[in-house]
Amino acid sequence: MNRFSYLRAGDVAEAAREAAADPAARVIAGGTNLIDLMKYDVERPSRLIDITRLPGLRAIEETADGGLSIGALASNTEVARHPEVERRYPLLSSTILAGATPQLRNAASTGGNLLQRTRCYYFYDPGTPCNKREPGTGCPAIGGVNRIHAVLGASEHCIATHPSDMCVALAALEAVVRVSGADGERGIPFADFHRLPGDAPERDTNLRQGEIVTAVELPPNSFGQHHTYLKLRDRHSYAFALVSVAAGIEMDGDRIGRVRFALGGVAHKPWRDPEAEALLQGRPASAEGFAAAAEHVLRGAIGHKHNAFKIELARRAIVRALGQAAAGTPQSQTDKRIQ
Amino acid sequence: MPPIPNAETHVGSPRSRVDGRAKVTGGARYSAEFTAPDLAHGYVVNSTVAKGRITGIDTAAALAAPGVLAVFTHENRPRTAWFSYKYQDEVAPPGTPFRPLYDDKVVYSGQPVALVVAESFDAARHGASLVRVSYQAEAHETDLTSRMGEAYEPPKKRSGISPPPKPRGDAPGAYADSPVKVSGGYWAAYEHHNPMEPHATTVVWEGGGKLLVHDKNQGVLNAQSYVSSVFGLGKDDVRVVTPFVGGGFGSGLRPQYQLFLAVMAALELRRSVRVVLTRDQMFTHVYRPNTFQTVKLGANPDGTLRSIQHHSVTGTSQFEDYQEVVVNWTGTLYHCDNVELTQKLAKLDTYTPGDMRAPGAPTGLFAAESAMDELAYATGVDPIELRLKNYTEHDENEGKQFSSKELRACYEVGAERFGWSERNPEPRSMREGRELIGWGMASGAWEAQMMKTSARAVLTADGKLEVACATADIGTGTYTILTQIGADAFGLRMEDVTTRLGDTTLPYSPVEGGSWTAASAGTAVQLACEAVREKLFKHAQKASGSPLAGAKLDAVSFAGGRIEVTADPDRFVTIADAMRAGGVDRLEAEETANPSKIDQLRYTGYTHSAIFVEVRVDEELGVVRVTRVVDAVAAGKILNPKTARSQVVGGIVWGIGMALEEETLPDHNLGRFMNHNLAEYHVPVAADVQGIEVIFVDEHDTKVSPIGVKGLGEIGIVGTAAAIANAIYHATGKRIRDMPITIDKVLG
Ligand SMILES: Cc1cc2nc3c(=O)[nH]c(=O)nc-3n(C[C@H](O)[C@H](O)[C@H](O)COP(=O)(O)OP(=O)(O)OC[C@H]3O[C@@H](n4cnc5c(N)ncnc54)[C@H](O)[C@@H]3O)c2cc1C
Ligand code: SF4
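Going down the list, the sequences are from chains A and B. Going by the working numbering, the first sequence wraps up at 497, each residue one higher than the last. Going by the working numbering, the second sequence wraps up at 1842, each residue one higher than the last.
Chain A with its partners taken away, still in its complex shape (with noise of 0.2 Å):
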C-alpha cells in the first residue's frame, strides 16, 4: 500500500474539480473494492477524495418522466430494499440480493457498483503481468487460468469480465447513468457506460477523466412479474457469476411485447444484443423462440482453455431465464433450487 493524502469533499464540483486536477486521484464511497485493490498494491492512488459526505446524493426518488432516480451514494442495501424499487423493478432488487453479502451490500454504493473493477485473478495479483493494471505487460489469462473470463467481446488485450450483479439488471432496464465533472453534466445511456476492452483495457468506462456518477436513472417499465435475475456460479451464494442472466418481458397476451435482456459474467460489460431481443418480438414465449435468441447472441463468442464452458450455459441459462420471466416466475434469491 502506498501513501496518499485524503479529502473530504464539500459538494460535487469540489471532487469533480479535484477528481480532474489530478490523474492518480481516487474517488472514494463503500471502499470495499477500492480499499481491497490497495491493499493489493494495484491501485495506488495519490489521493483519495471521500465523496461519502457529498449532500444530496443518497436519495431515492421520482423522475418528471416517472421513473425513479437513485442517488450514487445510495447503498446496494436500500436501493434493493427500497419499497419503490421493490414495487416497480424487482428485477433491480433480486440482481442486488444475488450479489456479495448483507455486510458488503450495506457498505457498497450505487456508483461504486458501476465502477467496481474485474475479478481478474492477474489483475489483482501485482507479482504478474496484466494489460489493464499495466497496460503493455501483456494478458497471462489468455494461455492462463481463465475459468472466469470473457466468452464475449474481449479482445487480444484483455479477456476480462465485469463482475457486477446489479449492472445485469440496469442494462436490461436500460438505465442512464448521470455523471457530473468539469464540462458540466451528462447523461450516460446505460449501454455506453462500460466500454469493451479493445485495445485499452485500462479502461472500463467511458467517463472522462475527473467526472463523477451522481445518480442512475431508471425509465419507467411494465415488466410486473414478468422478469428473473438468473445467476449461476462456483458455490449457492458469496460468489461471482460465472453466467448470469437478468431478463425483463412485456407479455401481450401469450405472445412477447416489449423484451430486454442482458448477460453477467461473460464479457467486459453486461451483455446486451438489441437484435436478439427484437427476434422475440411478436413471437409466441416458446423454448425453441428462446433458443434461437440465444443463438444470436452468442454467435460470436470465443472461448478459451477453462471457460469455453460459458457459452454453452449462456445459452441454456438464456433459455432457462427467458422462461422464468415469460411464466412470471422470477427466480428466488434465497430459495436456491432453480424453477
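What the hints contain is simulated information worked out from the structure, not anything from laboratory work. Just so you know, nobody snuck in bad clues.
Computed list of lysine-lysine pairs in DSSO-like fashion (alpha-carbon distance at most 30 Å, straight line):
hint, chain 1, residue 1, chain 2, residue 2
1, B, Lys1199, A, Lys197
2, B, Lys1646, B, Lys1632
3, B, Lys1839, A, Lys463
4, A, Lys463, B, Lys1828
5, B, Lys1441, B, Lys1251
6, B, Lys1546, B, Lys1494
7, B, Lys1390, B, Lys1483
8, A, Lys494, B, Lys1839
9, A, Lys463, B, Lys1441
Beyond 12 Å from chain B on every Cβ pair, some chain A residues (computed):
hint, residue
10, Ala265
11, Gly342
12, Arg366
13, Asp431
14, Gly440
15, Ala450
In this text, a Cβ means the ideal position worked out from N, Cα and C, and glycines have one as well.
Got chain A sorted already, so can you dock chain B with the ligands onto it with the hints?
Quick look at chain B with the ligands alone, frame taken from chain A:
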C-alpha cells in the same frame, strides 16, 4: 491397566465449550493480538518467479520510507544454523526443509525474499511495496501431468506414515481373470487450508536474550525446538505460548516462515517483533497436494472382490518428499486376496505440501469408494450390500486385528436413518421438478492413534482443579473435554476446573494432529487426576477418626467436594479436611500416558463411518445442491456429543467443499497459484449446507486408548466427497472423477 474413572457426570454429556464466551467476546487472545511496548511490525515480500536466482534487491526506497527500521534479505540476514537438518521439525518429511532468506535461490513462487520491519504495520506494508527485486528466472514445472512419467517411490519413508503394504497375491493377474472389472483415473485438486486466523507470530523481547513467542501453530514444543535449533538458543530462552489457535487443519503442524522471520528480526533488532501473513500470503506455504490416482477393481458377478489395484502420484516440492496415506485405505477396508497398492511422488517447483484434515484419506477414498460404487452398478449389487460382502474383520494390510470396528453398525444405522431402502438404484430414476435426485453413500476410515503425552493436575484445598498440558486446542474442543475429564475425576462442577494449554512450560505433548489429542491428552489428564486422587485419599484416611479408614480407593466416590464411601455416602471426608489432615493446601501430580506397546503390536485402530448423501442436480445448468447428509460414525467413546458433533459436521462441510468447490488454481506458465483470496477460492457458505445429521454408533474399545477414545477431528471429511460423487452419478448417470465437481464438469 485402564484407569478407574469416577462417576461420569460431564464426560459423555453434551457440554458447551468452556472457551466459547472468551472467543466470542474477544477475550481469547490469538498470536497476532499479543503485544509489547516496543513492538515493531514485519511485512513479508514474496517472490514473483517460481524458480531462479535473485539478481538484486533494491531496498533503498524502503529504508528511506518513514517508520522503516530494517529490511532483511538473504544478503544481510543474520547467521542461522548452517546444517539443513537443524531446520527439521518434529513432523518434517524427508528432505531439506525450506530455509527462509537462506540464499539467492528461488524455489517456488511466493517464497519470502525479504522482510520489512517498521514501527507500524502500515509503514512496514508501505515499505514492502517499495522493495524492488530482480530475478534471473529459470524454467520451472508446476504441472503434475507433465511429471507423471518421472514419478518415483520415495526412497526415504516419512516417519509416522505407513507406506503401502507389500503386494498380496497377484492383483494384475486376478484382475485379468475377473469376470467383472471397473477401472478409472481420478484427480484431486490443490487445496489451501485457509483457517480464519492467518499465520502470525509475535515475539516479545524480554531482555537478557529471552524470547516469549506467540506463534500460530499446532504444537508449541515443536515451534520451540525449531527456534532453538535454528537460532542456536537454549530452550530456556525460548518460551512459546499459544493459548488459542483460530483453526489449524494441519497448517500449523510445521513451523511456517513467519515464525523464522519474526524471531530473526527480534534477535537482530533486540526488540519485540510481530509478523502477520495476509490472506494472499496464506497461499504461499503449505497446502493439500494435487493427486492423480488409478483404481482397478476385479470382482465376481456377485460382487466379491478378486483384485484391488490402487496407485497414486502426488506432487511434492523439489526439496522434500511429503508423504500421506492415499492408497492404503482400500486394502484396509475390504477383504481381498490380491491387492497392489503403490504411492509415488513427482517433484514440482512448489512449496512442500503438507497435512490437511485427514491427509490422504478423502483423496484416496474418493477414488476407492467411487470405484466401489461403479462396481455396485457393474454387478447390480446394492452399494451397502457390496461393502458388506467384502467386509473384513481384520486389517489385511497390517495382518492385525482391529482394536474395534463397528462399521457394519454404521452402515445399518446410517442406511435406516437416511431411508436408503427407498432408493431406486437406477440412475436418473428419481426426480422432482427440474431436478434429478441422487442418493449416494461411501465408507470412511481414519487412523485412531494415541501418542505419548503428559499432563499435570493440581487440586487445591478450596476444591478447585487445574489441569495442564502443552497441547493445543485448534478449535476442536480440547479445553472442554479436558475440563470434563478433570471435573469428573473429582466430582466437581465444570466451573471449578481450569484447563491450561499451549505453553512450552506445561507438560509434554506432541503436535496437535492426527485426531490423537483427545485420546492422548485425555488419558494423560485422567492419569494425573487419578494420581492426585490417590494422594488425596491417603490424606483423607489419615484424618483422625476418618470415616474412610479401611476403605479401598475403588470403593469410594469423589463428589460435591467430598470423598465418600460409594455404598454409604454418609461416610465422607471433605477435600479441605483431607488436605488439612495431610498438612497440605494443594496436591499435584504429573503423569505420562503411553500407548500400549503390546496392543499396538496386536491391533490397528481405526475410526469408521458410513456417510449417505442426497443431491439434487439441475442437469441442464450443471447446478448441484447437497440437500441431505447422514453420517454414522464409530469413534469409540464420545466424550462430548456436542463438540464431537461440531467436529464431524465441520468435516462434512469441508467435504462438500472438496467435492464441489475447493480448488487452488495454478498458472503453470507462471508457476503460481492465482486465486489467492477468499473471494475466488471457494469454501462452502451457509447456502451450500442443508440438513446434516450425525449419529454416533456405540463402540467400546479400551485397546485403542485407556479411556476408550478414538478421536474425531478428521473422520467427518473422509467419505463425504466420494458419497457426493456417487450421488451425482445416481442422479445423472455421469461418473465424474475430477474434484471439485464444478458446473462445467456436470455439463461436460
Ligand atoms: C468479497 C466480495 C464479494 C463480492 N461479491 C459481489 C457479487 O457477488 N456481485 C456483485 O455485483 N458485487 C460483488 N462485490 C462487489 C461489490 O458490489 C463492490 O465492491 C461494491 O459495489 C463497490 O461499491 P463501493 O461503494 O464500496 O465502491 P468503492 O470501493 O468505494 O469504489 C469502487 C470504484 O468506484 C469508484 N467510485 C465510487 N463511487 C463513485 C462515484 N460516485 N463516481 C465515480 N467513481 C466512483 C471508485 O473511485 C473506485 O474506483 C463483492 C465484493 C467483495 C469484496
Ligand atoms: S484478462 Fe484483462 S485483467 Fe485479466 S490479465 Fe488479462 S489484461 Fe489483465
